[in-house]
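> Taking the hints into account, I'd like the entire structure generated from these sequences.
Residue numbers (this note's numbering), protein chains in the order written: chain A, 1 to 205; chain B, 206 to 602.
Keep in mind that the hints were calculated from the coordinates and are not lab data.
We put the beta carbon where it would ideally sit given N, CA and C, even for glycine.
Keep in mind that the hints are not guaranteed to be accurate.
Just the calculated beta-carbon pair ranges, DEER-fashion [unchecked claim]: (1) B:Arg594 to A:Ser38: 25 to 31 angstroms; (2) A:Ala191 to B:Val332: 53 to 59 angstroms; (3) B:Ser315 to A:Arg57: 37 to 43 angstroms; (4) A:Ser38 to B:Asp600: 37 to 43 angstroms; (5) A:Arg49 to B:Thr283: 43 to 49 angstroms; (6) B:Phe273 to A:Ser38: 37 to 43 angstroms; (7) A:Ser33 to B:Asn271: 41 to 47 angstroms; (8) A:Arg64 to B:Glu341: 37 to 43 angstroms; (9) A:Asn99 to B:Gly334: 39 to 45 angstroms; (10) B:Asn271 to A:Gly190: 46 to 52 angstroms; (11) B:Gly334 to A:Gln34: 53 to 59 angstroms; (12) B:Asn272 to A:Ser38: 40 to 46 angstroms.
Spelled out from the first residue to the last, the chains are:
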Amino acid sequence: MKINSLVLVVGCLLVTAVNGVGQDGATVTTPLSQTELSRLRVKTVSLVRLLFGRSVRDGELSIRPVAKGKIISVQHRYASLLFDRDLSFRSAMSSEFVNRTKSSGDETRNSTRVPTESKQVWIDRSKSLAKRIWSNLSFSNERVVLHGLKRSKAPQGSTSLSQTADVRFTATSDSGQSRQVAFIFDRTTGACLTAEITRPTPIRS
Amino acid sequence: MWSPKAFLSCLCPLSTIGIEIAGVDFTPHPGFAAPNYFSGTNARAFYRAQVTSPHLHISKFEIYLNNFATLTLNTPYTPGMPGGGEEPGTLGGVMFEQEGAVMFDSFYYSYPNDSVVVKCRVYAESVPGVSGSWFEHEYSAPAKNRAALFGINDLEVTQPPLNLTGAAGMFAASHSLAAIAYPKSLTYNWGWNHSIFFDRTGEDVNVVFYAGHGTPDAIYDGQQATQNEFGCSIGIPIYAYYNIPNPSIEADRTWHIGTGLPPYNSTGKPQFNLALHMTCNSFGSPNLPSGESYFSRYFYPYWNAYGGFCENQGFLGWSLTLDVRDYYALSTLLVDELAQGEKLAVAMQVMIAGAPNSHHNYAIGDALIDQDGNTTLRRVYDPNSSLKRWWRPIDMP
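Structure representation (structure tokens):
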């Protein structure tokens with residue numbers, strides 16, 4: 001009886017996987033094929049090298065579906081990347097970003113002098129990266145926020161996330177689809193911390 | 206049967222004072238206040254052992270959690286090894302002192318039934334390398350499993366993340382923030398007031414999203430604030446509402462055990478869920494160190510009984526007002542990831558990527574992690590590893 005139940009449960013799970021319908025009735029996309037997995041690994045290795053300057057090996061990647069299979073998560077100790085189910089790149093976040101530590105409490109928000117670099121530096125850097133990641137884009141609506149606050153309670157050795165340059169702009173493809181692109185850079189080292197792009201928004205008539 | 210070890214353990218089960226057991230001096234949590242309970246993903250078991258006459262050398266040092274071996278240090282006697290006291294614990298190749306620590310996730314155990322027994326076993330040698338005996342000492346503390354994640358909503362898009370000043374748009378934001386609880390209340394036709402929020406929507410909650418701005422006096426005076434005072438829909442002084450006598454941080458939290466009030470979960474329902482609490486200016490108070498007042502009260506013991514801000518605690522905040530229609534879906538994505546032991550920062554990333562299209566373009570820069578992005582609710586994390594597990598050895602200062 002127990003064995004029969006087990007078989008039944010396993011069978012149901014298999015059917016679920018094949019039919020692509022989850023327990024809650026929500027649509028679950030089909031699992032990644034070996035070809036897709038291979039493509040995903042290649043893309044991940046390239047992106048991590050391009051964005052964060054890190055070398056990643058295939059075997060170190062952990063790949064799993066999230067958000068009911070609509071998004072594919074690729075984890076590595078250097079970075080966390082998300083792809084849409086069609087394997088288009090959505091976002092990357094470096095482990096350095098994750099490890100940033102700040103103190104809490106607004107009483108520690110003492111303004112401090114920060115480098116007075118040009119915002120254009122960060123815009124150019126972002127566009128350069130964006131062109132290499134997503135081809136055939138034109139850019140508009142650039143916005144840069146240079147965070148220059150320092151948290152006095154930040155633990156020794158840590159860098160406040162406030163020492164960052166947040167860059168956003170609109171990227172429009174040849175087909176007219178518009179997407180928002182965002183980068184975060186470390187203003188001290190120049191390192192890229194995050195990169196992301198939103199879903200395409202419909203063309204406005 | 207009477208045993209000297211048990212007797213000594215009863216006398217000083219959690220002391221930081223060394224406890225000598227027939228030739229080995231055990232000190233649980235040396236230099237730290239020992240825990241009254243283990244809670245969260247940064248619970249720590251810590252022991253130091255020193256040999257006393259006639260023993261000279263520790264060749265094995267082990268820490269067990271409920272008889273599960275977590276840490277084993279092998280230090281075989283090696284004649285001629287450099288010593289002379291340059292390294293703590295060594296002298297002429299003899300290891301007379303050893304210590305080790307393990308971080309673990311208290312969610313591995315069941316609240317409120319489980320106690321975590323921390324045991325230290327030591328093989329002490331009277332003739333180094335030749336003969337010795339096993340010695341052990343243990344103490345226990347209950348697992349209480351309080352989550353330590355909360356969020357702050359920044360109410361002004363133009364302000365830096367987690368800035369609690371300014372009140373523009375607060376009322377609208379309150380409804381956005383309430384989205385996780387509000388539909389639940391409406392779905393079950395519970396109505397909507399303070400009591401319902403805490404008694405019903407919060408009954409299976411132990412992760413709290415918190416929004417600042419406000420009236421600390423209302424909290425400290427024990428007076429229930431009104432909607433007018435707060436200008437938002439949720440926000441009550443917790444101990445006043447529950448009529449807690451002699452309010453203090455610890456009394457508050459102790460009183461809440463079993464109430465189902467966040468972050469406690471006494472219902473047997475899923476181990477964590479989201480709640481929202483909104484009050485104002487709760488990060489400042491004349492009665493407690495600035496920045497720790499209401500936070501301390503509500504989330505006690507966020508220090509986890511060790512003092513100092515511990516690692517593996519994260520604050521998740523938004524610098525924009527989330528759309529009420531999106532908030533429930535976003536929160537669900539976040540919780541799903543956290544439930545699988547994912548890091549807070551990664552869960553946040555998934556949440557943003559999975560955000561429905563709306564008039565907001567969510568970005569990582571809008572939802573920043575304060576404190577520690579490696580925070581997990583279900584796993585002990587290791588910033589240097591993508592492995593997820595419920596315990597790991599750590600270095601203690």
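> Take the hints in turn and mark each one as holding or not.
Checked hints:
The hinted window of 25 to 31 angstroms between arginine 594 (chain B) and serine 38 (chain A) holds, with their beta carbons roughly 29 angstroms apart. In this structure the hint that alanine 191 (chain A) and valine 332 (chain B) lie 53 to 59 angstroms apart at CB holds, the actual value being about 56 angstroms. Checked against the hint of 37 to 43 angstroms, the pair serine 315 (chain B) and arginine 57 (chain A) passes, with Cβ atoms roughly 39 angstroms apart. As the Cβ distance of serine 38 (chain A) to aspartate 600 (chain B) is approximately 39 angstroms, the hint placing it in 37 to 43 angstroms holds.
The hinted window of 43 to 49 angstroms between arginine 49 (chain A) and threonine 283 (chain B) holds, with their beta carbons roughly 44 angstroms apart. Roughly 39 angstroms separates the CB atoms of phenylalanine 273 (chain B) and serine 38 (chain A), a value that falls within the hinted 37 to 43 angstroms. Look at serine 33 (chain A) against asparagine 271 (chain B): about 43 angstroms separates their beta carbons, and that is inside 41 to 47 angstroms. The hint said 37 to 43 angstroms for the Cβ distance between arginine 64 (chain A) and glutamate 341 (chain B), and at roughly 41 angstroms that hint holds.
In this structure, asparagine 99 (chain A) and glycine 334 (chain B) meet the distance hint of 39 to 45 angstroms, their C-beta atoms being roughly 43 angstroms apart. At roughly 49 angstroms, the beta-carbon separation of asparagine 271 (chain B) and glycine 190 (chain A) lies within the given 46 to 52 angstroms, and the hint holds. Distance hint for glycine 334 (chain B) and glutamine 34 (chain A): a CB-CB separation of about 55 angstroms, consistent with the stated range 53 to 59 angstroms. A hinted range of 40 to 46 angstroms for the beta carbons of asparagine 272 (chain B) and serine 38 (chain A) is consistent with their spacing of about 45 angstroms.
In this structure, none of the earlier numbered hints is contradicted; all agree with it.
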